[in-house]
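Colleague: Let the hints inform the model, and build the full structure from the sequences given.
Chains D and F, in that order, give the protein sequences. Just so we're aligned: 61 in the UniProt record's numbering is position 61 of the first sequence, and the numbers increase by one with no gaps anywhere. Just so we're aligned: 34 in the UniProt record's numbering is position 34 of the second sequence, and the numbers increase by one with no gaps anywhere.
Careful: at least some of the hints might be erroneous.
It does not matter which identical chain is meant; a pair holds if it fits inside one copy or across any two.
[To be verified] Calculated pairs, EDC-like style, for lysine to aspartate or glutamate (alpha carbon to alpha carbon, straight line, at most 16 Å): (1) Lys63 x Asp53; (2) Lys279 x Glu93; (3) Lys63 x Asp50; (4) Lys235 x Asp164; (5) Lys63 x Glu22; (6) Lys36 x Glu22.
To be clear, the hints were calculated from the coordinates, so they are not data collected in a lab.
2 protein chains.
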Amino acid sequence: MTNPRTPLASLSDDDLAGFLAEQRSAYAALQSRGLKLDLTRGKPSSAQLDLADDLLRLPSSTKDRAGVDVRNYGGLEGLAELREIFAELLSVEPSQVVAGGNSSLSMMYSTIVDFLLFGGVDSPRPWSQEETVRFICPVPGYDRHFSMLASFGIEMVTVDMHQDGPDMPAVESLVKDDPSIKGIWIVPTYANPSGAVVSQEVAARLAAMPTAAADFTIFWDNAYAFHHLTQEEAKSADILSLCAASGHPNRPIMYASTSKITYAGAGVAVLAASQANVKWYLGHLAMGSIGPDKVNHLRHVEFFRDAEGVRAHMRRHREVIAPKFAAVDEALTTGLDGLEIAQWSHPTGGYFVNLDVLDGTASRVVALAKEAGIALTPAGASYPHGRDPRDRNIRLAPTFPVLDEVRTAMAGVATCVALAAAEKLVADRASGVGAQGDGSTPSAQDASNPATEGASR
Amino acid sequence: MTNPRTPLASLSDDDLAGFLAEQRSAYAALQSRGLKLDLTRGKPSSAQLDLADDLLRLPSSTKDRAGVDVRNYGGLEGLAELREIFAELLSVEPSQVVAGGNSSLSMMYSTIVDFLLFGGVDSPRPWSQEETVRFICPVPGYDRHFSMLASFGIEMVTVDMHQDGPDMPAVESLVKDDPSIKGIWIVPTYANPSGAVVSQEVAARLAAMPTAAADFTIFWDNAYAFHHLTQEEAKSADILSLCAASGHPNRPIMYASTSKITYAGAGVAVLAASQANVKWYLGHLAMGSIGPDKVNHLRHVEFFRDAEGVRAHMRRHREVIAPKFAAVDEALTTGLDGLEIAQWSHPTGGYFVNLDVLDGTASRVVALAKEAGIALTPAGASYPHGRDPRDRNIRLAPTFPVLDEVRTAMAGVATCVALAAAEKLVADRASGVGAQGDGSTPSAQDASNPATEGASR
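Modeller: This is how it looks when you write it as structure tokens:
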């Protein structure tokens, strides 16, 4: 870096006071700009949605390949040709794929409802009849996974999310003896928010590990399977085959969608699982469905043509969003590099940058940003019940704003991070708490914080 | 009628034997034609679906009236302009309407899941924690309502469906003292399959009746609200206002969809209820949804423009399907009039003709028809668990085949009805069971069978 800086915690009291004054001044300038920017949600931008606008004039036919009228009722499992495209993309058999409505989240919700009310293929009884149901939640993770479980009264046990997947010794220990541990959330490829990719080795361990619950289920939410930010495209582990080979064919249920491929609100979602799980899912689905929107299925089939069409389309997305991720990194580096008050991920795919700030300052950073007109996801959002025990994690979502706005917003965020850290250090010194090297700075914690190892600076 | 016939039960043994021989011969001729016709499901025909094909090139915009990009996430309650159209059509406020996906059945299913897992606005506890949950099911009724309840383990108590709605003394008696009675299915307008329309008086009684369960709920499935077959268009009772006026604002939840207006598989569904119920429903929906397909919402708004657009579109449907219902009536009249072995409804809307044959012969009629290449809905389908205690009810769905096929199929059905009745009477006489006027013929039962009073012959 052109401007090597001293770690903030190493500054003398006077220098720290000077730094704080500088940041206050920078923040006042930031506030005076009257910004109104939003980095809260992982939403595609208009430019990304535009890429799929041929959908608005499709389908050109009203019949599927088999001659079935897609406008009418029926076809619970979804259009065969769409399931084939996703089977190829997800390395599964078409018969293992169910194509549904516009939301994989809805398919996850339905799956858990089925477990609660009816029990799964390998369940001794419906989950609603269990005294306690618990899920393993790698953190940081996807807030909607957690709020869904909370709404069902399912307890959440956290484990650290590493760069190659969840902390496996912790996971293996939890599932081994406790039959109330019924599931785990995994976002295997470019995880929300860390960008981690589950390795083949971790996937194999998840597949093979002994579990006290016969119906322990891996909710494999492959939302970003094809959402690469570099030419080095991560390949998702083949969890269905791994589990089948380990004698646990019904353990994983995989989800994906085109929400971040075509239209976020009007795409198609898929589920993939063992034949037995597919039959189970469709059996319950049949009680409350007249079939998916097959017109939208055909619309997508005509738009993509084949799996390669999806991959080519994702490269066009990459062109739009990769510069935004670069802008995030550049702004954070410019504003914070060397201060040792923050570390952030450098994702090669997905929709988020994971920012860890000085312990105990994440909420303050979000509040400062808000006062300056920059909306960030609430601190702690990536933890169950929104509670980050160290109050240091912030999820950045740079896809929705245009590039210039990302630059402006992130420069502002860097100012807020620096100001909050300086405030904290000054206050700590005044109260005699901590000092240099007190263990609360990320640099001192890298070794004990595998969640961001190798992915941060 | 040009060919007045003697009631079959009044024939001498010889004449009855002659009639049976005639019908066997007619049936053999029918079989020899090698037909392949289907009257099983209430599906729109291709010609009806074609009426909505402008949808394939819509929407022309990607923004709603408020400027929101319909392609992106969000807008859980659905597009405001679509909710306004349905609010007008259903005589409710837009704020009482939620617009969802492609299936009102799915919204009903979700509602019951919410009651089971969380309890409703007025529930003392989730239904899954009740020892027994029971629903009142007017019969004949919609098979999917019943199979849904069966899948949830909800018990079904039947009452007769009259021409003005369910047998209210029976309903009032059931709900008064039994807190396990939690709901009732009502298809208020052109009921499936009887074509009955719930009167204002019956609706007012449903709204006002005291119920032992505080959370007793009317599932008001207004699937055929706008599906008139004559110029005399039935107006649905305003169940939301009636219930609110009676101090039971949260009692009714109304459902409708465009499945039989635009595309059966790719339409839009709506739910309407009190503000408290809407808030409750959306609160749970938010846990498993990223918003409905707003592109399809806008597509429908642009297609209809307004409520009058929907009404005008339904008149085009009427032109296509009213002749098919006339053909059903004509074929049954030609084949069966005067024999007193069948009575059938003369619906002024909806999708079905309700055919009651000689007690104990419905299954035989369906089997005979199948052997002759005419698929009918299984006998008993309109009863919980598919069990019609009198084995006499057959649901006819004439909309899907083209007009000529309806004529051919229904002439064949008349033959099957006559053959099965003759077989039964001959067998009964041979075994000494019953005879003329034994109470098993519809003519003798009209008085005790309010379900078809005034609607059959």
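Colleague: Which of the numbered hints are not met once you compare them with the structure shown?
Modeller: 5 and 6
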